[in-house]
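Trainee: Starting from the given sequences, assemble the full structure and let the hints guide the process.
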Amino acid sequence: MNWVLVPQAIITGILNGSVIGLIALGVVLIYKSSEIFNFSQGHLLMLGAFVTWWFAGASEDGNEIFNFPLGLAVLAAFLVALLIGFLIERIALRPMTGQPLLSIILMTLGLAQLIEGLVSIFFGIQPKSNFPAPIARTETFKIPFAFAFQGNIFIKKLLVIAFLVAVFGMILIVIFFKFSRVGLSMRATAEDHELARSIGINVPRIFGLSWAIAGIVATAGGVLLAMLTGASLSLSTVVLVAFPAILLGGLESLPGAIVGGIAVGLAQELVSTAKLIEIRNSSEIAPYVLLLIVLIIRPEGLFGQKRIERI
Amino acid sequence: MLKVNNIEVIYSDVILVLRGISLEVKEDQIVAILGANGAGKTTTLKAISGLLNAEEGAVTRGSIEMDGRRIDKLSAETIVRELGIVQVLEGRRLFQHLTVEENLVIGATARGHRGTMIDQDLERVYHYFPPLKQLRKRVSGYLSGGEQQMLVIGRGLMSRPSLLLLDEPSLGLAPLLVQEIFRVINQINEESGIPILLVEQNARLALEVADYAYVMETGRVVLNGPSEQLTENEDIKEFYLGLTQLGERKSYRDVKHYKRRKRWLG
Ligand SMILES: Nc1ncnc2c1ncn2[C@@H]1O[C@H](COP(=O)(O)OP(=O)(O)OP(=O)(O)O)[C@@H](O)[C@H]1O
Ligand SMILES: [Mg+2]
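In the order they appear, the protein sequences are chains A and B. The numbers in this note's numbering rise by one with no breaks, and the one at position 167 of the first sequence is 167. The numbers in this note's numbering rise by one with no breaks, and the one at position 183 of the second sequence is 183.
It should be emphasised that the hints constitute simulated quantities derived from the structure, not laboratory data. Mixed in with the good hints, there may be bad ones.
[Claimed, not checked] Computed footprint of chain A on chain B, listed as stretches where at least three residues anywhere in the stretch have a Cβ under 8 Å from a Cβ of chain A:
no., region
1, 48-60
2, 73-82
3, 186-198
Built from N, CA and C at the ideal position, the CB exists for glycine as well.
Mentor: See the structure below:
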């Protein structure tokens, strides 16, 4: 390890990790309510970023319909995500009720391709580097820290904003699940569909709702990433780090997704402080190595629900 | 209030399970359905509550009416929310990871109830099942079998049902607990005036609390009548209440009974 790089790596890792955690949360939301692992989450995220970009009037080709400030554009994109969530349930999932879970999961892979195709058609395949951001991407904080490289830690201001938004979003979701009426129905439905139906819960509507919320969460994640890197089709690949975060946290645990996200963020950054170039360049597989180790020790993940077995 | 008219139920388009069941539940009554494993008791309840639709089952003939309204084409959600028919599923099914109180509250919110109504209903449930009050913050999956049975019936009550369907509340419980559960079922019916359709294997207790009973065998009703009358019925005595008077019958009847017994217990 290059010890002087470690303090910087820890800070950046946690900040990045919170965004990864938020993205992971979207997948967990759907998994919890319907046991469907949504492989299209990354594409929903990418779509959310493009839709926001579009509402913000950033296409600058002279035919923009909207020219919203960023905040409003994000809200509009949330609305679109909400509708798309319900639409996916109605058009793609409901007809598949009763089919094997695997077919439904494969359908989400198809959905991912469909979204990618539609985005390419509507917005073009070129990356959009002019994604609106509240402050310039280059602005940084400088925090003096004796043990850090050249005595300072540098933090992108945008990354701090992303962190705060991600944390706020996660708290909101956890509170919603724990204390709201709808959250209770969603937790109940997640446990037993037939039982939920037997007490009068509209199970398809709960599925639609969980897709809608997951879509909004994805959009939020997409906007945060796009602020940092611009909007592009390749945004969807962020799920490659979100998936290990999900499994690490335990697939059906909301706090697990958050902790998993931060663990993955840290692992990536810390590996890139290694002295050996071979290790430094393997930061992409670091989350998976970490995942492997955790799963050997705790197969249900860090926060996975233990099956309650009595009777 | 509830009328089931000669219904036929088919699973997966080919498996004929109910072959013409008719039954009726009147205001304030407890009605029992007795019958061996696989007779179609649960299927009958699911046909009424609309839960069949979700599992490849369908009512293919006959009709089900609640207060004169046909309900056999309605969704389970509508049947609970609009008509107040609530089925308590077999096997003490609860939301294991939710607390006792969350399990109860959701029974009310799922029917659209809010606020003080829920508090009143919680009090009512704790009145019928006092042990639940102390346990209300506990994760329900760790409750004992008896406590779980109280909880699922309590959850049914939280919906303020106009008709409660109970599927084998005695399943796997110790005899004393079973008696206690039945005492409360009777109390609920008398104090709150909720009609109950009760599926049971424990014929003795079921006939004690019920006003009327049906005996099912392979998808048909083979016997029905007021409980006192069924309690006196020789077949019921022999096969369900275990009161056989050995050596009193002639061979032909013995053989016939033996066969039927095999079917009933099968
Ligand atoms: N989803 C299903 N698909 C196909 N057949 C089914 C289905 N559910 C039940 N059956 C069949 O229908 C018949 C009646 O089942 P049902 O569960 O109604 O019986 P029951 O009287 O409740 O029995 P028990 O006392 O064991 O609970 C059984 O032969 C069963 O195998
Ligand atoms: Mg049954």
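Trainee: Each hint should be assessed against the structure and marked as holding or not.
Mentor: Hint-by-hint comparison with the structure:
Closer than 8 Å: that is the beta-carbon criterion, and the region 48-60 of chain B has 5 residues meeting it against chain A, so the requirement of 3 holds. Counting residues of the region 73-82 of chain B whose C-beta lies closer than 8 Å to any C-beta of chain A gives 4; at least three are required, and the coverage claim holds. Counting residues of the region 186-198 of chain B whose C-beta sits closer than 8 Å to any C-beta of chain A gives 0, which falls short of three, so the coverage hint is violated.
Going down the numbered hints, you'll see the structure goes against just number 3.
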